[in-house]
Structure formats: C-alpha cells, structure tokens
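Undergrad: With the hints as your guide, set chain B onto chain A.
Chains as they are written, first to last, in my numbering: chain A, 1 to 413; chain B, 1001 to 1449.
Rather than coming from a laboratory, the hints here were simulated on the basis of the structure. Glycine included, each C-beta is placed from N, C-alpha and C at the ideal position. Hints should not be assumed to be uniformly reliable.
[To be verified] Some but not every residue of chain B turned toward chain A, in silico, with C-beta under 8 Å:
#	residue
1	Y1013
2	G1077
3	D1080
4	E1084
5	A1085
6	R1150
7	E1157
8	I1268
9	E1312
10	V1321
11	K1376
12	A1382
13	E1386
[Said to hold, decoys possible] The following label-pair restraints were derived from C-beta to C-beta distances:
#	chain 1	residue 1	chain 2	residue 2	range
14	A	S167	B	N1269	26 to 34 Å
15	B	R1242	A	V221	51 to 59 Å
16	A	T56	B	N1355	20 to 28 Å
17	B	E1362	A	N143	52 to 60 Å
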Amino acid sequence: MERYTLKNGIKTIIKKNNNTPRTAVVLFSKLNKDEEKAGLYYLLTQMLFQGTKSRTSEELANELDENAIELNVEKKADYIRFKLLCLNEDINQALEIMQDIIENSTFNDFEKEIEKIKGEFEADLDSAKVKAQDEYYRTIFPNHAYGVGRNEILKAIGSITKEDLMSVYDDIKYSMQKNIVVVGDIDKEVIIPLLENHLGDLKVSDEQSERKELEPLTENVVSIVEKEDANQAQIFQGWRVPSVLSEDYPVLSLINTIMGASGLSSRLFLELREKQGLAYTVRSVNEPMGLGGHFFVYIGTEPKNIQVSINGFKKEMEKIMTEPVSDEELENAKNNAIGKRQFYYQTNLIEALTIGYYEFSGLGYDFEEKLINAIKLTTKEQIMAVASKYLSNNNALCVLAPKKYLEEANLIK
Amino acid sequence: MNNIKKIQVEYPYLEKPVEIYERECGHKIVFAYKKGALINISSWVKTGSINENDENNGISHFLEHLMFKGTSKHKAGEFDRILEARGAAVNAATWKDYTFYYVTIPQGSDDRNFKDTLELHSDMMLDPIVPEHEIGAPFDLNNPEIKTKRERHVVIEEIKMRKDQPWTQVYNQLNKNMYTSHPYRRDVIGTEQIISTIPRESILDYYKMHYTPNNITTIIVGDLNPEEVIPMVANAFDFKGRANKQNENYTIDKPTQETKYIESYSNINTGFLMFGYLGAKAVDTKASLVMEMLALILGQGQSSRLYQELIEKAEKQIFNVVATDYYHFRDGGNFMIEANFKPDDKDEAINLLKNQIKNLLENGITEQELRKAKKKLKCSFAANAETVSEIAETIGFYMTVCEKLECVNEYVQILENITLEEVKEIANEYLDLNKAVISVLMPEPYNRG
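Chain A on its own, in the form it takes in the complex (with noise of 0.2 Å):
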C-alpha cells in the first residue's frame, strides 16, 4: 500500500494486486453540512447521470454499459461516495467519465427525475420490513439527518430547486475534505498521471463541520407501522452507541459477533431461531458512524410472537450486560470476527472502500490491522463493561404488524 497526495491536496493510498482484471477507484467526499431539504443529496448523486455539457444521461449510459464500467454514486450517512469498477484496460476511459460528471453535469429536467425518485421509494416502500426499518431509522435518530429516510424524503423532495443542487454540487467540486484509493493490478506510475488529469482539478477544504450533534435519547421510544395484511411482524430495536472513533468500536464489533453477527452460532440465532422456532431472520447490526451510531437487533417473525420476541432480546441483552462470556465463547468470536474480514476482503472494491472508510473517518488506513489486534486483546470483562455502557441506556423500538397483534403486545392501547 502506497500513499501519495495528489497536487490539489487530495490524499490518496494505491493498493496494488497483482493477477486481478478489474480496478477499483473509490472517491470520498466528506458531508460537512446537514441537508436543509431531506433528499438533496440522494438526488445529486441521482442527477450525476442524467447528463453532462457533453454527454446526454442516454450516451453516457451507454458509454458505461458498453464497456461494462460500473460508476456510482452513493450517499451515506457522512459522505457522498463514488465507486468505479472497470476492466485495466479502461481505466483512463471510466476516469475521465467520473471526472466530467464531477464537473460538467448539467442538473437539467431535475424535476422529472424528483418523480422517479418518488415512484422508486413508493415502490420500496411496499415492502414491509423497509417501511418497518424506514420508521426505525427515525425513531433512533429523531430530528437528525441520520433518521431521514424514504418516508421523509417523499415528504420534502418536491420543494428542491435546481440552485439547492447547484449550491451543494459546487461543495463537491470545490471543498468538502476528500480521499482517493485505489486497488488493482496496476502501477503507481500509471495510475498517478490519470488521477491528476482527472481528478487534478477538485478543490479540498479543511472547513469545520457545521452538522448538527446527535442528542441523546431522553427516554425509551416505541413507534408502531399497522400493516393489516402483514404475514410477519417486523422487530426493531436499537440503542445508541458511540462514532466509529470510539476506542469501544472494537469491543463493540465483538458484541456484534457475539450477538448477532457471526451466522449460525450467535447467541440470538441459536435463543429465538434454533431453539424457539421464532423466526427464519433474526441477527444484529453495529452500524457506528462519524457522529454517532448505533447497535440493533431485528427479528421477522409470526405477529402473534411480538412479546414473545421482545422478551427474547431483553434476556439476551441482560445476559451479555451481566454475565461474562464464556472463554470459549470469547475466542471463538475473535476468530470468528477476524476470519470475516478476510472473507469480506476478497474484492478489489471492497477493499478500496474499507481502506477509503478508514483513511477518511480519520482512522488511518491502517485500520484494519490496529482493529484486528484491538479484537484480539478484548477481555471479558470489556465486553460487560461495553455492554452495559451503552446497551442498558435508552433504546427504539419499532414494531410493524396488523393492529390486532398490536394491541395484543400492548403497543396500542
């Protein structure tokens, strides 16, 4: 791995891999402001493709199809990310793609693109468990960017104006903090000039974050979704946990394991599925992002199970606050947990993503290696500790499912 700092600043790691075809380019963007109107930014990285001063949103479709160039754009909670994959041979051609919808898309016929945005979510939003886990995201993280999700976006997103788009397309373009990686059977040599031809002309800036704090939770919340004809009832329940700078990250990541996480040998696959017969899906999920995060736990089960399924968790969430994992238990969670990220790591993107996440959250893009010795060292008691620091505090919970059950689990009264 090798990094090296582009002439405009931005600063950028080549991970070479000899004996694979396809090269991964990945560009953060650092999100430094809040968006005023909820889907601003989703529909930038939307409007990245309907067409530049050169290319109308068909050529440039085709232009990537044809040559089998995967460019997206993604927003997520604290950056804008954009993800090119191609074959080696093209990587001149798919950079200077990604570097004229960087700086010459047009933003015209916005407004019918804010249609498909809204036909795409009403269509999402079919789907039981997304309206469920829509409703969760909000009710973890009330007034915050975090928990806007496609409910809020329908609400907001005819109100946006070519000059919202306008204004936050100049932050990419002109500051926002940025990192560059890539990972791929090619040279420093080679890959040096083009990102300076393509990407040369980005600006990056230092500037203070201006979004706003994630407040605590002041009390437990309890949302419900009705869904008469629902056949499952969807489960979530979350509490807060802290940044992904946090030194718990890593004890956290463990309790993910230990919970949730690790397959068909965590604690509540084995509780509710295994022993229970309560559900086909039920895991958990430490999602820490740059201001805050959170830890959750989700089941899919028969409505008539809701109570059932809730008591199931709290036991599990006592447990794990209150007694100390086993030493088996332990080391089979590190190697578990440490086996896993060789299995995630198999691709070229996503390694220039984890490696990109690291270097960007401020973490280091040597992460990987200090995240994996602080697995190592995690003792049991950390875990209680950890545990009851964070998963004993205020949690959401959202239940979607037909009234009757509702009524029955005492959500409604």
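TA: Okay, now just chain B, sitting in the frame of chain A:
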C-alpha cells in the same frame, strides 16, 4: 488416485485449468486453483423442487435445513460452532434443480482448517441423523396452543417472510401459471401445510433417494495442491457402497398457446407485474446465452431499452422500475420482464411492454447493443472469478444443471461469434408476443372495482 478419471477444462480468468475427477462410484470432485487466503469447500446435489410432487413440495429445502441438525459424530450446532469459530461462512441453498452446501474459511498457516472442514462437511453430507426433536412434531397450523417450536416453524417463518414480499408474490403466481404439469410450477419453499405435517420418515427416504454418489459433486477452490487434496476428498466421501440413483426425466411443458393473465391483490400502494416466457434448456448454451443477452439489452442497466424508453424518455411517468432477468434451468429457463408501475395506468403499462417486445422481435437488436452485451457478459466472467465462493458457484451450476463444465468454454466461444441474425432468430423462437404469461399484483382497492 486409482480408478479416478481426470479431465481438465480451461476456465476464463483463472490461472490454471479446472480439474474434474470422476470416481468409480459416480461421485465427482472438482478442483479450481485460486491464489489467496480463503478456501471454499462445497457439495452440489442434483435435487430440488424438480424432484417433488404435490404431497412433498418443499421437502428438498426442508431437508437442506435439517442437514445442519447433527450426525452420529457431531451433534446439532457443532458444525456451525466449530467452523464459525475459525472465521468461516457456512450456509446452503436450494433451488429448482439443485441444493448446495458450502463453507468458505481462511486457509490458515497449516492444513488444519482444510482437513477439519472437509471432515465436518463430508460427515454432514453422508450421515445426517435428522433428529425428531430438531424437526419438531407434526402439528395443526390452526392450533394456537403449539408451544414447542422447532425447525418446522423456522421454515414456516421463511414462507411467511416471502409472502410479505411483493416481488415474490407476483413471481410465485407467474411461475405457477407458466407450467401445466412440470414440477417447476411449484414454489421451492413449499407450503405451510406440507412443512407442518410431513413425517420424518419421508424426509429420510428422500435423502436416501437423492443424496447418492452420482448425484453429488464436491468442489474445492483455493490455493491448494490437487495431488494432496483429491485423495483426501475421495477418502472423506466414503459412500460405503451406497446405490446410485437413476435420474428422472420430465417432459417440459409447451409454452402457453395464448397470453395468460393473472391478477392478484395485496395491501400495497403501487402495482407490480411480471411477464414470463419459457426459455431454452440450460445445456443449450447458445440459446441460453442469447436469452441472457436479450435480458441484458432489454432491461438491465440504465442504457437498456426499457429503462431508456419507458423511464428516461417517457413523457408520462408510468413506470417506477423496469428490469429483465433470465433464469437458467435444466429443463428450460425463464425469461422475465419485471415492472413496478402506477396502478391507475396498468393497461397502458402492459401495452407499452408488449410494444417493446414486438419491436425487438420485428427489428432485432443493433450492432452497438450486441457489442455491449458481449463486453458486459465477458466482464461478468471476470467478476465471477474474483472470489472463491463465486468460482465454486459457477462450477457447481455448470456441473449440476448443465452436467458438463465444458459449457463454460462453449459459452465464451459462442459469445465471441454470435451474430445479429442469430439473436433475432432465437428471440423469435422464445418470445412470442401472444404466448406470454402475465402476472400482476395490484393494490387492494382495485379489487373492489
């Protein structure tokens, strides 16, 4: 390695040819070299919903769940616990023509992970005990007093989960109506009624009938030496003289002779629809490849015809989503158009899609579209050679569904040489405008007229 027949097959984007070993008992072992820190061990069994009937529909998938419930040597949960404790990803999947079980695990600094994985995996494949208490007693779905819930309930939850997915609902209706007699018409997961009552004996009988040496291919992918590995695999898979199975042949249904329209309803706000056509047998590499190309040109990606014509350039926004897919099946694939639309515009949505097919059949595709399809399919081979699990899955598919890995190479050669005329000819053979099955899922209020 006496009595083992070995052949080599060139495989795109892999450093070395793939090696296929066929043992005297009929069991096949495939080895693919892939440099890296992970190894993948999987076994593919030629059984799926194709082997089922109205009485046991869902049994292949239920058995797949129950295979993880212990052997004479290892009790339930041990397999998962031991392997996941070493960082493995462990799982299985069932589809119409096959069921497969896999472990992807870090190779480690010695051969311990390989040996132990092989021991656990082969033991699971050869000696599942399927304990009654893990299956759970048969029960009445309408009895609310059932307290002890075991694997039957897990699968029933999976069925319920799928019932809440609009795309699955519309697909199941489509699939059921695309066939009159072929077993493909049944949903792979089965029904709640069957899963709640099917006896253990039937499950064990099914295992004995289908998990035979000639029905199983074991695939090893990783940075390993085949001369060391193949004898170990052959040794671990000791079938102890287990009898082989004669594979059944099913007559594929003729395509529907007129457009068949099915409408169902759900508590949703948008409309979902699928057009379905019967395609070529998987082993017909050329026709299968062309069907894949047509799916790509018609509805995959933002440059596709349906996306450009019906979403990007549409004056009236009727469609929220349009896409196409081609599923390869042994006895004949499925070509599908999928769309989400504004429910008030249902009739127009259907007509617009029909017009697109009509145009395709009359005018064929362009040189530019052919070039694009060739490049994208070539690139998907590169993508499928990036991870040990994807390499294993591609090999497993060709070995099990096409019954010959050489299809991979035929595929690449046909891809290079296919012409515009051939594409048009095959499109007209399979996508007859008046022989589609159309399944539509509409919001409830439309049911009331």
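Undergrad: A separate judgement is required for each hint: does it hold in the structure or not?
TA: Each hint, compared with the structure:
Given hint, B:Y1013 at the interface with chain A, holds; its Cβ is 6 Å from that chain's nearest Cβ, closer than 8 Å. Look at B:G1077: its Cβ gets to within about 7 Å of chain A, closer than 8 Å, so that hint holds up. This hint holds: B:D1080 has a C-beta 4 Å from the nearest C-beta of chain A, less than the 8 Å allowed. Nearest Cβ of chain A to the Cβ of B:E1084: about 5 Å, under the 8 Å cut. The hint holds.
Given hint, B:A1085 at the interface with chain A, holds; its Cβ is 3 Å from that chain's nearest Cβ, closer than 8 Å. Given hint, B:R1150 at the interface with chain A, holds; its Cβ is 5 Å from that chain's nearest Cβ, closer than 8 Å. Restraint check, B:E1157 versus chain A: the minimum CB separation of about 4 Å is within 8 Å; hint holds. Proximity of B:I1268 to chain A holds as hinted, the smallest CB-CB distance being about 4 Å (cut-off 8 Å).
The restraint placing B:E1312 at the interface with chain A holds, with a minimum CB-CB distance near 6 Å, inside the 8 Å limit. Interface restraint check for B:V1321: the shortest CB-CB distance to chain A comes to about 6 Å, inside 8 Å, so the restraint holds. The interface hint given for B:K1376 is met, as the beta carbon of that residue sits about 5 Å from the closest beta carbon of chain A, less than 8 Å. Hint status for B:A1382: holds, given a least beta-carbon distance of 4 Å to chain A, under 8 Å.
At its closest, the beta carbon of B:E1386 sits 5 Å from a beta carbon of chain A; the interface hint therefore holds under the 8 Å criterion. Taking 26 to 34 Å as the suggested C-beta distance range, the pair A:S167 and B:N1269 conforms, at roughly 32 Å. Taken as a hint, the range 51 to 59 Å holds for the pair B:R1242 and A:V221, whose Cβ atoms sit roughly 58 Å apart. The hint said 20 to 28 Å for the Cβ distance between A:T56 and B:N1355, and at roughly 23 Å that hint holds.
Restraint check, B:E1362 to A:N143: a C-beta distance of roughly 56 Å satisfies the suggested window 52 to 60 Å.
Violated hints are absent here; each numbered hint is respected by the structure.
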